[in-house]
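Q: Below are the chains, spelled out letter by letter.
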Amino acid sequence: MSEHKDDLCELAELYVLGALTAEETAQFAAHAEACSECKELVSEYRQVLDHLPLASEPAEPPSGMKDRILSRVLESGHVSASAPQPKTSLNIQPAAERTIEREPVKAPPIEQGLPRARIPEPRKTRFWGYLSLGLAVAVLLLIVYTGQLRGDVDQLQRQIASGTGPLQGLKVNETVALSPAGEAVSAKGVATIVADTSGTHLVIQAEDLPELTGTEVYQVWLIKGDTPQNAGTFISQDGNGALYYSFDPKAYDTVAITLEPDDGGDAPRGQIILAAPIKQG
Amino acid sequence: MNDTADDKQLILLIAQKDSNALELLYDRYERVIYSFAYQIVKDSMAAEEVMQELFLRVWKNAEQIDFGRGKLLTWMFAVTRNLAIDHLRKRSSRLPQQSADSGNLDMIQDHTALTEDLVELQMAGEQIRDALLGLSRDQQQVMDMIYYQGYTQQEVANLAAIPLGTVKGRVRLAMKQLHKSLRHWGRRDHAHE
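For the record, the sequence lines run as chains A and B. For the first sequence, counting from 1, position 59 maps to 45 in my numbering; every step adds exactly one. For the second sequence, counting from 1, position 142 maps to 682 in my numbering; every step adds exactly one.
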């Protein structure tokens, strides 16, 4: 017990300097209440402590500091006039009445009682509700449309691949000789209908064709009864010409080549040069 | 009201929100308090912030201050030290100590009555500075860490890598030596009351 007491007595200087933990401080304060030596020491060291600030090297205050501080303090006083006053009593007693405090007094923080900034919540209006719904629908439609476009792109890519890739497993369904449509025409040709995995195709090959002039072109037709189907145009070179055309499998009865004034016709306008009956398309 | 009004009179006027009294009090102690704050924080902006907070508390709490002659300055010094060390802790991300530092510093009852005579204060300052310089290097180190930087004895032991008992011993010797050199001023201060 005596040893413990001596240990506590060793804390007098540290107590005054505030170098103890809260627990140590409480222990020493309780001890000093009953220890006259410690009480006396604390009183003496308190004098040292209170004079120590005067030992500071003189420092020159910054220019304008007084105006800044006083204006802020006075302004703050007006602003926080309604702020609750701190409960701490700042009672300074004569030296003769000094006692060692058990509960240290802590000055109130400056922020105490200051009003807090309030952030208003956004107003919820019917307009915003409709706008949100509209945006949601628009987003949904965009998603669907994007899906469709992606499908179209895939299909086009497949078509391109089929058009540019090597033909495989091509099978000839029918080959017919194209006969001149009149005695004045000495041209001749062959029409072949072939099929593979990608569909049915018409291959036209002709020679000894009359020379074209101006915008004239040769146009190929697949005919069913009286209804011709445009199968494309080609321009001959030295009397030779050819054409390749893919089409849906459908029954046609005639294939014909006409001499057209231009390549813009949907129906035959010119003279038939070559023609041949076919059995199937 | 004039420049000769003592601290108590000024505080009474400040309690009535007399801004001229606040300015007089400021003028009276600006240099000594600023020098003390600067000694701790070693930064002019931080020292100014400490000063501002101190005078804000004086302005707001003046009506609650009831003190004996000459004690306002010691109270302001104590609050200044408390604020300055808090600033150091924030700046260095040190955890606030659950120690007696801030509490003891704000204790009003135990403060010494310092003279209000600025010339005497200046002379006392020189005497104490000499006394501090008279301490050994080791004693100055622990006093600096505890008094000006707010470390606890355990933190000093850890940071300086010295035994706790050594910290206690150095502090004890330093305080005894300072007290011895200040005895003269202590008697003079008491003579004012």
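Don't take every hint at face value.
Derived pair list, reagent style DSSO-like, types lysine-lysine, alpha-carbon separation capped at 30 Å [claimed, not checked]:
1) K708/B / K52/A
2) K720/B / K52/A
3) K25/A / K716/B
4) K582/B / K25/A
5) K25/A / K708/B
6) K720/B / K25/A
Please keep in mind that the hints were generated in silico from the structure rather than gathered at the bench.
Q: Hints first: check each against the structure and report whether it holds.
A: The hints, checked one at a time:
1. K708/B / K52/A: violated (40 Å)
2. K720/B / K52/A: violated (37 Å)
3. K25/A / K716/B: holds (15 Å)
4. K582/B / K25/A: violated (34 Å)
5. K25/A / K708/B: holds (18 Å)
6. K720/B / K25/A: holds (17 Å)
Checked against the numbered hints listed earlier, the structure breaks hints 1, 2, 4; every other hint is satisfied.
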